[in-house]
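All chains should be modelled from the sequences, with the hints used to inform the complete structure.
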Amino acid sequence: MAAFDLDNPVFVTYAIASAIMVLKVMGQGWMTVYRMMKSDSGLASPEDLQSGPLNKNPRPDQLAINDYVDRSRRMHRNDLENIPAFWAAGLVFTAVGPPGLLAQVLMYGFVAARLVHTIAYATEQRHEVRASFYTIGSIAVIVMAIYALIALIV
Amino acid sequence: MAAFDLDNPVFVTYAIASAIMVLKVMGQGWMTVYRMMKSDSGLASPEDLQSGPLNKNPRPDQLAINDYVDRSRRMHRNDLENIPAFWAAGLVFTAVGPPGLLAQVLMYGFVAARLVHTIAYATEQRHEVRASFYTIGSIAVIVMAIYALIALIV
Amino acid sequence: MAAFDLDNPVFVTYAIASAIMVLKVMGQGWMTVYRMMKSDSGLASPEDLQSGPLNKNPRPDQLAINDYVDRSRRMHRNDLENIPAFWAAGLVFTAVGPPGLLAQVLMYGFVAARLVHTIAYATEQRHEVRASFYTIGSIAVIVMAIYALIALIV
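Sequences listed follow chains B, A and H, in order. Those letters in the first sequence? Residues 1 to 154, by our numbering. Those letters in the second sequence? Residues 1 to 154, by our numbering. Those letters in the third sequence? Residues 1 to 154, by our numbering.
Hints in this document: simulated from the structure, not taken from any laboratory. Be aware that a few hints might be false.
Chain copies aren't distinguished; within one or between two, either way the pair holds.
[What the hints assert, rightly or not] With a straight-line cut-off of 20 Å between C-alpha atoms, the simulated SDA-like cross-links for lysine to any residue are:
1) K38 with Q62
2) K24 with I136
3) K38 with D67
4) K56 with R77
5) K24 with R77
6) K56 with I153
7) K38 with K56
Because the structure is a prediction, the values reported are computed rather than measured.
Set out below in structure tokens:
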């Protein structure tokens, strides 16, 4: 049986987890847009100070860093440091044919950890909370990559 | 028929769009290099102030932020916030067997939107122009992920 | 024969290289954590100044940019600008059935170039060294994408 096929339950798990993470990453971009609009600040480029539908009252201080907006950018960056590696690790892990339960624990565990991390970051929880869920997600990805490497090389 | 096969026209569409987006992302890195060399500024690390073939006339202000160079880095960051999610969403979308025309509209639409976004950003068009093409690309990725999720779960 | 199958030596090469690059990216996150803990500085969010197990002696200057920590973040960013594009390019390149030796040269060449780039960046080698290995890795990805595009379109 081919690994990357809807008949393979591990691939289905991977595809569901991947698609949820796509929505997470894209949604983070829209959180940044929402926070820029709501706070009328945190703009990124000098030309954004032109008056127009997206900026009715331009002021130079709109280019300054605003933690409300910058927080969403940091969350986005944290996503980019973890989620594309999940997409790659999950694909290679799926290819080597792991047990279905292990795949579900690691993949849905990663998804859950990243969603809780997002809530912790957005609500400004203490560093230890954010770090704990970052760690869970990171370990899930690392385990998938090492599992695959061992299966491929040994 | 396997989904990830050159006999599948949706996969061929995905592969062409993915490869073009790879060249876009890598090209953005080279635009940053070009702008650093041309403006002789916008360097990222203190050790880059050593005299050498890449820096014949070192000065401390070369480490300051220069909008000409930083713009290319912002464009690159914007790519990273969108294009890897396209690679993942497109793969999962391909796996669930969408109609070929829908795949072409979403995938080539994404590629076109990102290329126009790049031009708008590089030429410092007003925020509304950049935002419009960002939105088109973002929606294409979100639609692919939701389409795949529905097919996988329902 | 299916392209994405462990019977295909090019896919095995891709999977090994991808998994190693997953560990590289995830490891870079842990280098940042290690450097934050060791230097007790370089924190990213205001709430990280709360006293707790991760921060026993909070001080406002912990939020200032610290090159020791920021260097690891720049290395991470440089990874994100290159490695996800490798994952995508390698997949598409594998799909079009390249010669096994070419795949090994490009994929393991990319991995080797990125690992040497990491060492050069971490040890603050001159710009020319870092740039050389960046270039090798970048060219490997670009060649894979162009090779795939030509095979897909022509």
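Q. When no copy is named, should K24 and I136 be tagged within, between, both, or neither for a Cα gap of at most 20 Å?
A. Cα proximity of K24 and I136: in one copy and across copies (17 Å, 17 Å).
Q.
I want to check one pair: K56 and R77. Are their C-alpha atoms no more than 20 Å apart within a copy, between two copies, both, or neither?
A. neither (29 Å within a copy, 26 Å between copies)
(Q) As a check of your reading, is K56 near I153 (CA-CA no more than 20 Å) within one copy, between copies, both or neither? (A) neither (59 Å within a copy, 43 Å between copies)
Q: Measure nothing new, just compare the shortest in-copy and cross-copy C-alpha distances for K24 and R77 to 20 Å and report within, between, both or neither.
A: Both: 12 Å inside a chain and 17 Å across chains, each within 20 Å.
(Q) My question is about K38 and D67: at a cut-off of 20 Å on alpha-carbon distance, are they close within one copy, between copies, both, or neither? (A) Answer is within: at 13 Å inside a copy they meet the 20 Å cutoff, but 26 Å across does not.
Q: Could you place K38 and Q62 in one of the four classes (within, between, both, neither) given a Cα distance threshold of 20 Å?
A: within (12 Å within a copy, 29 Å between copies)
Q) Within a copy, between copies, both or neither: where do K38 and K56 come within 20 Å Cα-Cα? A) Within one copy only: 12 Å inside a chain, 35 Å across chains, cut-off 20 Å.
Hint compliance for this structure: hints 4 and 6 are not met, and every other hint is.
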